[in-house]
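**Student:** So the sequences go chain by chain: A and B.
Each residue of the first sequence is one higher than the last, beginning at 302 in the working numbering.
Each residue of the second sequence is one higher than the last, beginning at 38 in the working numbering.
Simulated from the structure, these hints should not be mistaken for lab results.
Computed from a prediction, not measured in an experiment: that's the story for all the values here.
Cβ coordinates follow ideal geometry from the N, Cα and C atoms, glycine included.
Among the hints, erroneous ones may be present.
Each computed DSS-like pair below joins lysine-lysine, with the alpha-carbon atoms no more than 25 Å apart [claimed, not checked]:
no.	chain 1	residue 1	chain 2	residue 2
1	B	39	A	330
2	B	136	A	462
3	A	330	B	66
4	B	39	A	328
Computed beta-carbon distance windows for the label pairs [unchecked claim]:
no.	chain 1	residue 1	chain 2	residue 2	range
5	A	441	B	299	22 to 32 Å
6	B	50	A	430	32 to 42 Å
7	A	383	B	96	13 to 23 Å
8	A	472	B	120	18 to 28 Å
9	B	96	A	329	22 to 32 Å
10	B	266	A	390	49 to 59 Å
11	A	398	B	93	33 to 43 Å
12	A	329	B	86	17 to 27 Å
13	B	316	A	433	26 to 36 Å
14	A	324	B	42	24 to 34 Å
15	A	325	B	229	33 to 43 Å
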Amino acid sequence: MQDQEEITPLFTEECDIAMTVNGHRYKQKVSVRMLLSDFLRHELHHTGTHVGCEHGVCGCCTVLLNGEAVRSCLMFAVQANGMVVTTIEGMAGTNSDLHPIQQAFQEKHGLQCGFCTPGIIMTVHAMLHENPNPSDEEIRQELSGNICRCTGYQNIVEAVKLAAERLREQQMEVL
Amino acid sequence: MKPPRFHYCAPHMLDEALALLDQNSEDTKVLAGGQSFVPLLNMRLASPTYVVDINHIAELHYIEQEDGYLAIGATVRQRQVERSLLVQEKHPLLVEVIKHIGHMQIRNRGTVVGSVAHADPAAELPALLTCLNGEVLVQSIHGERVIKAEEFFTGYLSTALEPGEMLTEVRFPLISPKTGWAFLEFARRSGDYALVGAAAVLNPAADDLCNSAHIAYLGIAGAPIRGYDVEAAIVGSALDETALDAAAEASRMLVSDDMEDVHASVEYRRVLTAELTKRVLRTAWERQSH
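One chain only, chain A, in its complex shape:
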């Protein structure tokens, strides 16, 4: 029994974690029950990640975790230990140039109140990375996990198409 206790890891209520958020490395002690969304907002003061429903339905809190779109309200900060997180604050360039996706949303009026927009931008970022030339139907399917109560989605779809086009052009220039 002595051996058992020595090798078995212990339960804890607090953990030291380190994670990279938008290119910056953060080390912090957190309560194990702290949601990733709350860690970003309350500890790092990155309040661009919005919190809507807190049970994984609305999509407002979507962030990229090692490049994949996830609900930050459905995981604990401690689970992102050692991982790379990208939030809406990480999208614009260093001299505040909007990211092509943000630019397209502005030009096509892909938002009204803007509450859902950070989550949608992160979802679109992941979508276009995997599928640079999505059809209207694919765009609507991928956006189905992000609820917008203002726009009726029409201009969001238009914005995604414009963003996709510009990102493809950028890619061609690089090549």
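Fit chain B to the supplied structure of chain A, relying on the hints for placement.
**Tutor:** Here is chain B on its own, set in the frame of chain A:
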């Protein structure tokens, strides 16, 4: 909506996780993808004293083709299965079913095994596992056992798991290339829990009549349910309208009288079940190669 306090541990070895689970078995929950469990914590519908996070256990991260089935370990995300070339080639029905789960962001975290362990009667994977007559592997520090799907799902969010046991692997029987398969569900909005869904696999005989049929449903009872009477109505037929009508009628009887909620009445679910039965059987029939 914040999770209640709990004690957390994220072991790297399965043995360690099973030992932790055994110590306080009545008050410990396993955390994998967390896409059903964390909402329960956020809404304080669950408040375990101990949470064992199994995401770091590398030995549970596998998709393997075994003799007659695909084995999926407890930390494999639904999205990984969806993208897996092995699964796309060997089990297109599993890929089709997974695409119906929640949204892309949910599938990026949610695990296949976690969905089966959670045993939501409206979830897709428990219904598929029931349709295929699949199995689960359950482990504890005292040993392991293999349980058939129909014995595993015992009721609403309930399974045959005993305290101290962990579901570590789900086994989806492979289907032959000749087999016709289909999965359909009806949900109010894309990604919502479906009101009703059905998975079917059909095998033709040499005479072009239906030789064997498996069909199972989600959303119509406290647990996923196999439609034995529906199968009996079409085996030996050429899936003509008479046989499909008989199958649809049999499927109505499967809808439990207590499946009445704000989303749909029992009668509405019966109508949906009958229609989905016909559609899923027709699609599977068309897909089989003769």
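**Student:** Determine for every hint whether it applies to the structure shown.
**Tutor:** Comparing the hints with the structure gives:
Distance restraint check for residue 39/B and residue 330/A: the Cα-Cα separation of roughly 18 Å lies within the 25 Å cut-off, and the hinted pair is therefore satisfied. The straight-line distance between the Cα atoms of residue 136/B and residue 462/A is roughly 23 Å, inside the 25 Å bound, and the hint therefore holds. Of the supplied pair hints, the one linking residue 330/A and residue 66/B holds, its CA atoms being roughly 23 Å apart against a limit of 25 Å. A distance of roughly 23 Å separates the Cα atoms of residue 39/B and residue 328/A; the hinted pair therefore holds under the 25 Å criterion.
A hinted range of 22 to 32 Å for the beta carbons of residue 441/A and residue 299/B is consistent with their spacing of about 26 Å. Residue 50/B and residue 430/A have their C-beta atoms about 34 Å apart, which keeps the hinted 32 to 42 Å range intact. A beta carbon spacing of about 19 Å between residue 383/A and residue 96/B agrees with the range 13 to 23 Å that was offered as a hint. For the pair residue 472/A and residue 120/B, the beta carbons lie near 22 Å from each other, so the given range of 18 to 28 Å is met.
The hinted window of 22 to 32 Å between residue 96/B and residue 329/A holds, with their beta carbons roughly 30 Å apart. For residue 266/B and residue 390/A, the hinted distance range of 49 to 59 Å is satisfied, since their beta carbons lie about 57 Å from each other. At roughly 38 Å, the beta carbons of residue 398/A and residue 93/B sit within the given window of 33 to 43 Å. For residue 329/A and residue 86/B, the hinted distance range of 17 to 27 Å is satisfied, since their beta carbons lie about 25 Å from each other.
Between residue 316/B and residue 433/A the Cβ separation comes to about 34 Å, which falls inside the hinted range of 26 to 36 Å. Between residue 324/A and residue 42/B the CB atoms are about 33 Å apart, so this pair conforms to the stated range of 24 to 34 Å. Between residue 325/A and residue 229/B, the C-beta spacing of about 37 Å keeps the proposed range 33 to 43 Å intact.
Hint check: no violations occur; every hint is consistent with the structure.
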